[in-house]
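Undergrad: Given next are the chains, with one letter for each unit.
2 protein chains.
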Amino acid sequence: MCLMPSSDKKRALLPVSKARQRILDALEPTSSTTIPLSQALGRFLADDIPARLTLPPHDVSAMDGYAVRAADVATCPAELIRVGESAAGHPWPGHLESGQAVRIFTGAYVPDGADTIVIQENVDAAQEADNTPITVHQGAAKGRFIRPAGLDISAGDMALAKGTCLSARSIGLATAAGATSATVSVPPRIGILSTGDELVAAGKTPGPGQIISSNAAFLTAFVKSYGAEAVDLGIIKDRPGAVFDAVTAAENLQLVVTTGGASVGSHDHIPSDLAAGALDFWKIAMRPGKPLIWGKIGDTPLLGLPGNPVSTAVCALVFLAPAICKLGGGTPQHYVFSAPLTTDMPENDQRQDYIRATLTTNANGQTQIRPAPRQDSSMMATLAHANAFIVRPPFDPPKAAGDHVDVLPMPRLF
Amino acid sequence: MCLMPSSDKKRALLPVSKARQRILDALEPTSSTTIPLSQALGRFLADDIPARLTLPPHDVSAMDGYAVRAADVATCPAELIRVGESAAGHPWPGHLESGQAVRIFTGAYVPDGADTIVIQENVDAAQEADNTPITVHQGAAKGRFIRPAGLDISAGDMALAKGTCLSARSIGLATAAGATSATVSVPPRIGILSTGDELVAAGKTPGPGQIISSNAAFLTAFVKSYGAEAVDLGIIKDRPGAVFDAVTAAENLQLVVTTGGASVGSHDHIPSDLAAGALDFWKIAMRPGKPLIWGKIGDTPLLGLPGNPVSTAVCALVFLAPAICKLGGGTPQHYVFSAPLTTDMPENDQRQDYIRATLTTNANGQTQIRPAPRQDSSMMATLAHANAFIVRPPFDPPKAAGDHVDVLPMPRLF
Numbered sequence: 001m002c003l004m005p006s007s008d009k010k011r012a013l014l015p016v017s018k019a020r021q022r023i024l025d026a027l028e029p030t031s032s033t034t035i036p037l038s039q040a041l042g043r044f045l046a047d048d049i050p051a052r053l054t055l056p057p058h059d060v061s062a063m064d065g066y067a068v069r070a071a072d073v074a075t076c077p078a079e080l081i082r083v084g085e086s087a088a089g090h091p092w093p094g095h096l097e098s099g100q101a102v103r104i105f106t107g108a109y110v111p112d113g114a115d116t117i118v119i120q121e122n123v124d125a126a127q128e129a130d131n132t133p134i135t136v137h138q139g140a141a142k143g144r145f146i147r148p149a150g151l152d153i154s155a156g157d158m159a160l161a162k163g164t165c166l167s168a169r170s171i172g173l174a175t176a177a178g179a180t181s182a183t184v185s186v187p188p189r190i191g192i193l194s195t196g197d198e199l200v201a202a203g204k205t206p207g208p209g210q211i212i213s214s215n216a217a218f219l220t221a222f223v224k225s226y227g228a229e230a231v232d233l234g235i236i237k238d239r240p241g242a243v244f245d246a247v248t249a250a251e252n253l254q255l256v257v258t259t260g261g262a263s264v265g266s267h268d269h270i271p272s273d274l275a276a277g278a279l280d281f282w283k284i285a286m287r288p289g290k291p292l293i294w295g296k297i298g299d300t301p302l303l304g305l306p307g308n309p310v311s312t313a314v315c316a317l318v319f320l321a322p323a324i325c326k327l328g329g330g331t332p333q334h335y336v337f338s339a340p341l342t343t344d345m346p347e348n349d350q351r352q353d354y355i356r357a358t359l360t361t362n363a364n365g366q367t368q369i370r371p372a373p374r375q376d377s378s379m380m381a382t383l384a385h386a387n388a389f390i391v392r393p394p395f396d397p398p399k400a401a402g403d404h405v406d407v408l409p410m411p412r413l414f
Numbered sequence: 001m002c003l004m005p006s007s008d009k010k011r012a013l014l015p016v017s018k019a020r021q022r023i024l025d026a027l028e029p030t031s032s033t034t035i036p037l038s039q040a041l042g043r044f045l046a047d048d049i050p051a052r053l054t055l056p057p058h059d060v061s062a063m064d065g066y067a068v069r070a071a072d073v074a075t076c077p078a079e080l081i082r083v084g085e086s087a088a089g090h091p092w093p094g095h096l097e098s099g100q101a102v103r104i105f106t107g108a109y110v111p112d113g114a115d116t117i118v119i120q121e122n123v124d125a126a127q128e129a130d131n132t133p134i135t136v137h138q139g140a141a142k143g144r145f146i147r148p149a150g151l152d153i154s155a156g157d158m159a160l161a162k163g164t165c166l167s168a169r170s171i172g173l174a175t176a177a178g179a180t181s182a183t184v185s186v187p188p189r190i191g192i193l194s195t196g197d198e199l200v201a202a203g204k205t206p207g208p209g210q211i212i213s214s215n216a217a218f219l220t221a222f223v224k225s226y227g228a229e230a231v232d233l234g235i236i237k238d239r240p241g242a243v244f245d246a247v248t249a250a251e252n253l254q255l256v257v258t259t260g261g262a263s264v265g266s267h268d269h270i271p272s273d274l275a276a277g278a279l280d281f282w283k284i285a286m287r288p289g290k291p292l293i294w295g296k297i298g299d300t301p302l303l304g305l306p307g308n309p310v311s312t313a314v315c316a317l318v319f320l321a322p323a324i325c326k327l328g329g330g331t332p333q334h335y336v337f338s339a340p341l342t343t344d345m346p347e348n349d350q351r352q353d354y355i356r357a358t359l360t361t362n363a364n365g366q367t368q369i370r371p372a373p374r375q376d377s378s379m380m381a382t383l384a385h386a387n388a389f390i391v392r393p394p395f396d397p398p399k400a401a402g403d404h405v406d407v408l409p410m411p412r413l414f
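Sequence lines, in order, name chains C and F.
Going by our numbering, the residue at position 167 of the first sequence is 167; the numbering climbs one at a time, nothing skipped.
Going by our numbering, the residue at position 73 of the second sequence is 73; the numbering climbs one at a time, nothing skipped.
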């Protein structure tokens, strides 16, 4: 009565990390294109960006004060003559001699001949005028408060490596280093296909036995939030061959994601649609999300997620987000953090558990984590109102309130 | 020689949390608009979204198996007659009597008269056909594997509260609950103004003493990554009144962010531009980022960030991101996590320190955090290559390798 081949029945559940690695190993980055850096937020670099400029371009002051010779202020108080001013954008063109000081501001070029900066708090100046005396009350060692040329980056260095996700801060660096464009991976096109006789499209009124296809809405937004292009392949019925036909008809997709139809019920046809040589695995040691499919239809990779909305979402975060990153040419990173529990938790079983939870701040300003009391994988409201997952490894022992657990914060747009 | 009023010289540094709260208190959400839910990713709800539908709409099965009466399987093995099938989208219309079983699949309606689900693993069935016998080997208590109607949400309940950031998962919930549109805050328009005689626009070749204005590129991308609209107000020179004039000339901005000109040097004019009654504070107990301005020019709130790129970025994350959230009608949340250090760190001084660092995973799969060896606030490359901040509170005692510190992961697009 079960459609799964008997050999699969005994197969051990695949660990989450191995499943993720198998998916990533099978994906190749998309082609590349060159675009203005100002339009490249969230895209992945398909080529290194070298620095065209040296930053800072010259030794500059890190503080407001006076550029002097360290030897002149070795004994304080020391009286020097202010001979000029170096401000950001207005270098002082002269050569500083012994006994002289140049008024200097943060970011300004350090004049030739000067080798240290005395901060203004350590100086008395009768007036802000050249050819007037200043008194230095506390000296500074050679090089103090000087940012040497190239401290940040030097022309010819690699500013950003191929595979970098262009964040705001990396766009800032590339801009400062003289780049105006970036060669990036073309956003992958991800087909989204919902399966299930019970599904009606958003905006329709469900009849008896029907529900609205919300997984497609979730996945479309999710895929967009990772900078990829979501291609709506609609809703298909629970019949053998339907997924095969829909994927075969679609064009130019780097990945198809399905929801539902992944389990072992008589109405779950995706495993059999893929079984002609292209099914990789479909039982993962995780909760929610045990039935997961990875395979190919023609040349198109297919990731089959479970139909329960929370399972779909967790699997999207754990498998689809890194897959999009890899298709973009990036290197997926995965970090969990640590936070203390607000409550006890029982021992975990053999599946890696992703528990919807809420980060809170206690009276001392410490971050704590509170698991939602009920974790049924159909409960979307619990997911929408959570802001993190507690991740429990297989066979994690019981935990008491105050014990630290692994925490996976939900991305803002997840 | 210092332009700051002498009373300010002695003023204690303002703690980060107080500075953030003052900023948030002064901002009001923008106006609202109603848009299709499918276009609302990242927007903030200006009104609650109520559930129009109950989820699940009826008692449904959480597993593949057989719907039966618990009393009929109290003693096993028990033989029952399969009288029909209930699949997702295809409810069985009859009333289940004692001695009967209905084949059922995940998500399908539980037939009237049935009160539990026996999973298929506990059943032997000669064939998948109605009017054939099945043998149940292990019974199930009343209600087992049944998701009661309304388990997730009930019609009339609030699905999502005003202020929610519309993430993929909340769009999924709202879609499932019957919503097709959302009333959201209009994205705030944030003016970005760079100050400094040394700055040239991206794409130009810097002359002697000049550098490319990269803070504007960073801030534009940053503001976009938080769903707000970036309005380029260009680069202005270091002269008194320039900021005042530029902000006064701009229209319909909910906030202006400046970079540079915020310190106490003779070339830093923003404090004096704002001093006519509208300057709030400008010395914060944080590093980088001590000189920070909060005030108003006319009716336009102004956030003045320091000019060093790393200071700009940290202040954007700590102050501007929550400000955008508040302008959008959201409730900013701020959580730090905990991770062990890879190396020793000395005692901290009176300023809250944001230390660029890299999350790594050790051989046991544990997340660790490694501070970058040099933290000069001009070093953009260190920022671009980091993926988290270590946050050290004022006067944090020395830490040894392995000690836990507070970690603020960098958002993906930061």
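Honestly, I wouldn't trust all of these hints.
The list cannot tell twin chains apart, which means a pair is met if one copy fits it or any two copies do.
What the hints assert, rightly or not - Taking lysine-lysine pairs in the DSS-like style, the calculated list, with each CA pair at most 30 Å apart, reads:
(1) 399 <-> 204
(2) 224 <-> 162
(3) 142 <-> 290
(4) 142 <-> 283
(5) 399 <-> 162
(6) 162 <-> 204
(7) 18 <-> 283
(8) 204 <-> 18
(9) 162 <-> 283
(10) 224 <-> 399
(11) 290 <-> 162
(12) 237 <-> 162
No lab work stands behind these hints, which were simulated from the structure alone.
Undergrad: If a hint holds in the structure, say so; if it does not, say that too.
TA: Verification of the hints:
In the homo-oligomer, the alpha carbons of residue 399 and residue 204 never lie at most 30 Å apart, since the shortest distance is 45 Å inside one protomer and 59 Å across protomers. In this assembly of identical chains, the alpha carbons of residue 224 and residue 162 lie at most 30 Å apart whether taken from the same copy (22 Å) or from different copies (23 Å). Only between protomers do residue 142 and residue 290 lie at most 30 Å apart by alpha-carbon distance; the minimum there is 25 Å, versus 64 Å within a single protomer. Proximity of residue 142 and residue 283 under a CA criterion of 30 Å is satisfied inter-copy only: 29 Å between copies versus 65 Å inside one chain copy.
Proximity of residue 399 to residue 162 under the C-alpha cut-off of 30 Å is found in neither arrangement, the shortest distances being 42 Å within a copy and 35 Å between copies. When the C-alpha separation of residue 162 and residue 204 is checked against a cutoff of 30 Å, the pair qualifies only between copies, where the shortest distance is 25 Å, while the shortest distance within a copy is 45 Å. With identical chains, the CA atoms of residue 18 and residue 283 are at most 30 Å apart within one copy only, with a shortest distance of 12 Å there and 50 Å across copies. For a Cα distance limit of 30 Å, the shortest separation of residue 204 from residue 18 qualifies neither inside one copy, at 40 Å, nor across copies, at 48 Å.
Proximity of residue 162 and residue 283 under a CA criterion of 30 Å is satisfied in neither setting, with 34 Å inside one chain copy and 39 Å between copies. In this homomeric assembly, residue 224 and residue 399 never come within 30 Å of each other (Cα to Cα): the closest approach is 37 Å inside a single copy and 41 Å across copies. For the identical chains of this complex, residue 290 and residue 162 are neighbours neither inside a copy (34 Å) nor across copies (34 Å), given an alpha-carbon limit of 30 Å. In the homo-oligomer, the alpha carbons of residue 237 and residue 162 never lie at most 30 Å apart, since the shortest distance is 42 Å inside one protomer and 36 Å across protomers.
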